[in-house]
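Let the sequences and hints guide you as you build the complete structure.
First to last, the sequence lines map onto chains A and B.
1 is the number of the first residue of the first sequence in the working numbering; add one for each residue after it.
1001 is the number of the first residue of the second sequence in the working numbering; add one for each residue after it.
Bear in mind the hints are in silico, worked out from the structure with no lab data behind them.
Take these hints with a grain of salt, some might be off.
Unchecked claim - Label pairs and their in silico Cβ distance ranges:
#, chain 1, residue 1, chain 2, residue 2, range
1, B, V1466, A, K175, 33 to 39 Å
2, A, T241, B, K1154, 56 to 62 Å
3, B, K1154, A, M142, 58 to 64 Å
4, B, T1448, A, W155, 49 to 55 Å
What the hints assert, rightly or not - Derived coverage of chain B by chain A (criterion: at least 3 residues anywhere in the stretch with Cβ under 8 Å from a Cβ of chain A; other residues may be distant):
#, region
5, 1210-1222
6, 1343-1349
Even for Gly, the Cβ is constructed at its ideal location relative to N, Cα and C.
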Amino acid sequence: MNITSFILRRLWQMLPTLFGVMLLVFLLFNWVGGDPAYILAGKVSDPALIASIRKQLGVDQSYFVQFWIFTKQVFTFDLGRSWSTNELVSHVLMTRVGPTLTLLVPVVLIETIIAVGCAVLVAYVRGTLTDRIVMMSCTVAMSISFLVYIIVFQWLFGFKLGWFPVQGWTDSFWKNLLYYAPLPVILAILVDVAPSLRLYRSFILDEMSQDYVRTARAKGLSENRVMLKHVLRNATIPIITNVAAGLPATLVGLFLLEFFFSIPGLGREMVVAVSNSDFPVVKAITVYLAVLTMVINLLVDVMYRWLDPRVSFR
Amino acid sequence: MTRNLICKCCCVLLILFALSIQAAPLKVLRTSIIAAESGFDPQRISDLYSTDICWQIFDTVLGYDYLARPAKLIPNIVRELPVAEDGGRVYTFRVIPGIYFADDPAFKGKKRELVAKDLEYSIRRLRDPALNSPYSWLFENKIVGLDDLVEASKRKGKMDYDTPVKGLQLPDRYTLRITLKSPDYNFLYAFAMPQSAPVAREVIEAYADDTMAHPVGTGPFKLAEWVRKSKIVLVRNPNFRGAVLDTRYADMNNPWDREVVKSIGGKKLPLLDRVEIYPIEEEQPRYLAFLNKEFDVMDTLNQIYAAQVMQHGVVAPNIAKQGIRVFQEVEPEIIFDEFNMEDPVVGGYDAQHVALRRAIIMGHNRSQEAQVIFRNFALLEQSPIPPGVVGYDPTFNASSQQDYNPERAKALLDMFGYIDRDGDGYREQPDGSPLVITYLNRTSLQYTKQAELWTKSMKDIGIKLVNRQVQFTDMLRDEQAGKFMLAVSTWIADYPDAQNFLQLLYGPNTGSANRTRFKLPAYDRLYEEALKLPDSPERNRLYREMCRLVLAYAPWRFGVHRAYLHLVQPWVHGFDRNPISHDQYLYMDIDVAAQQAAIKH
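Dropping the structure here:
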């Protein structure tokens, strides 16, 4: 199968997955999401006002009709307006995605580089004191709650030492990237790097015990060449798989960071939307993030072939 | 020759003057709010923080004196406070000529003067069925002919803004005469709320798709920049007529009042050029950013940080050392637990059920509630009326019925047959059926603690209490539908009159404001009589009688009035906090040199 057919087939397969995501979001919101009319009605509401608001929002219609409208909105990219602020949902997405990416891209890149680099090093010195200290540190780092990291680091590095701002965001991309983003990025990396490092170490160790490594060494190749040319290249596929699979979790972690550092990204928007039962915003963020995840997975699958020509598209 | 010289000198002076103006640094106030705003359309908003911004952009028809305590109603954009005519049925508003809206493209390059028609338009708009305004109740069933218009509009599917309404008359360009269906001496308070602030019809129609993002008012500031849920920037409205602090009601024994009078007295307001407001939901970054001098004012500190800032009534040394001033106030709000009076177990007006409710109330340790949950930043409630509102009676004491007294609670339960029949440690109802109280509250740490205290307190007197913690919307739904036994509740004053609180127990308000579903004819009669009276000893007597009935029938467990701390940097002047009106930016000033020096340091 050539690459075009493969991509088309995968895109086609995304449709039922997307349908499943939409159905799940819809059901979850309607079962546990709360009725927004009670918030929008204010302090003194009566059944007539509630009914009028529900009618205006369309939540008085049957679930089938509501789901059909939702489906149309997703595929036409017209998700209406926020129930709580009346802002166009498309505008919400466009304006909030930038701050989220300003955090996400450095986190993923730096964390992957650090985790892979350290994993290669500790795998190389497997069983030594260094290996044990690094592994123990990873275990300790993994057992501390992300919230504790945020609270302590914000207080220590933001307030006490004054190395970073405690919170904030501006219109300037560079100021955000170089001034406001570093502390949240460091925090996200600290939390993500420990489990990744342990996992990548095991990938590399698996490869190091393969016959082809022994053969390469027997051929007299240098250790650096064996590690970087052979071992790392073969370990790249599971590493990339892990990076792609970990993206949703990284994003959820960033939601918390955005909230604590007052960064106007998708995560903070999502938290506020959930607390306001603002379904149009919740469904837009959830569904499009799901689509993004599926597209990234597809790209990763395509990359497998590029990394390892033995991989064939089926 | 001499004339020429004088002309040249004048020119030089003018240039120097212009340069000095240009060189003056901008006075920028930076502050934060604890929840994201929703928008700035006065008739559409209901959340506290959007309302606070609207106080700055829009002029309310009436206002509150900045320093008078308790809050005192004053005219704002009208010549004088309307006098109740025809026994409280008619009110005439005379708008001051020469008040202008902030410039906006909707006005097509012309100055737009505020007229009485704008007041009338805003009243109609608040009742527009298509808007579903959260504050439509302010004018519901009040103005002659307005409800008929609303009903007709519902049928037509569109609000009619042009058909005359009998109760809304415009005898001239600057006069609005309102006729009510029945006497109401508290009617004027509705005009001191941003929700009734006049808006220009052409602005609303021009930005019909997103009126929340296009506030155009006659207030001291206008919206310059809005990054939703992230940054709100207000700048001085050049069309604002200006104001001067009224010092008549200042309490010169109060250091805050003294500072306000000294720093801004006699000056033309506003003094600030720009106000930057940042919504920050988490308390730690907000507090640390304030200590880092990133903010000039920090409104409403939560209890955890309040306990760090003030210990045993004394400002913590690290805060005092920085010159930070701490403003403490008890807001006109009540936190209480309400029984569902229609519930077969805890409701009812007979002696047995009243005894059960009283026992439950006395079995709850509310002193512990104030100490542990609110960390002593709270006053125990003595009546449904909080301090700082008209009708509050400081001598009214509810301790005999509401304070913790487990022995008396147990005795009451025993006396009315609520005893443990099966020996499981929990009491049953007099008919032998199980006695299980369900406590409805919302998911949050504070309410979890409240529920824990309830469960423990009830267990101590042998009552089984089940905690039902739900989402806020579900709680509102169940309360409105009467599907609860005991529920937590809060009410913050919309206006400083006891009636705003006592309406919560008025029978005809059942299903809306009266979620307790309390229906006592004697109470309702007193409430209706009080509505017909202006503020007077006679009305206060009626309020007191109503409070006595509440105490006797025990539909509520009185909780606390929370005390809040607000932090102010040393370079901020003119800070005070009116309990009702939040238009404080009009009165505040910044010592820019001190502010800049502190930031650099």
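Practice prompt. Check each numbered hint from earlier against the structure, then list the numbers of those it violates in ascending order.
Written response: Of the numbered hints, 1, 4, 6 do not hold.
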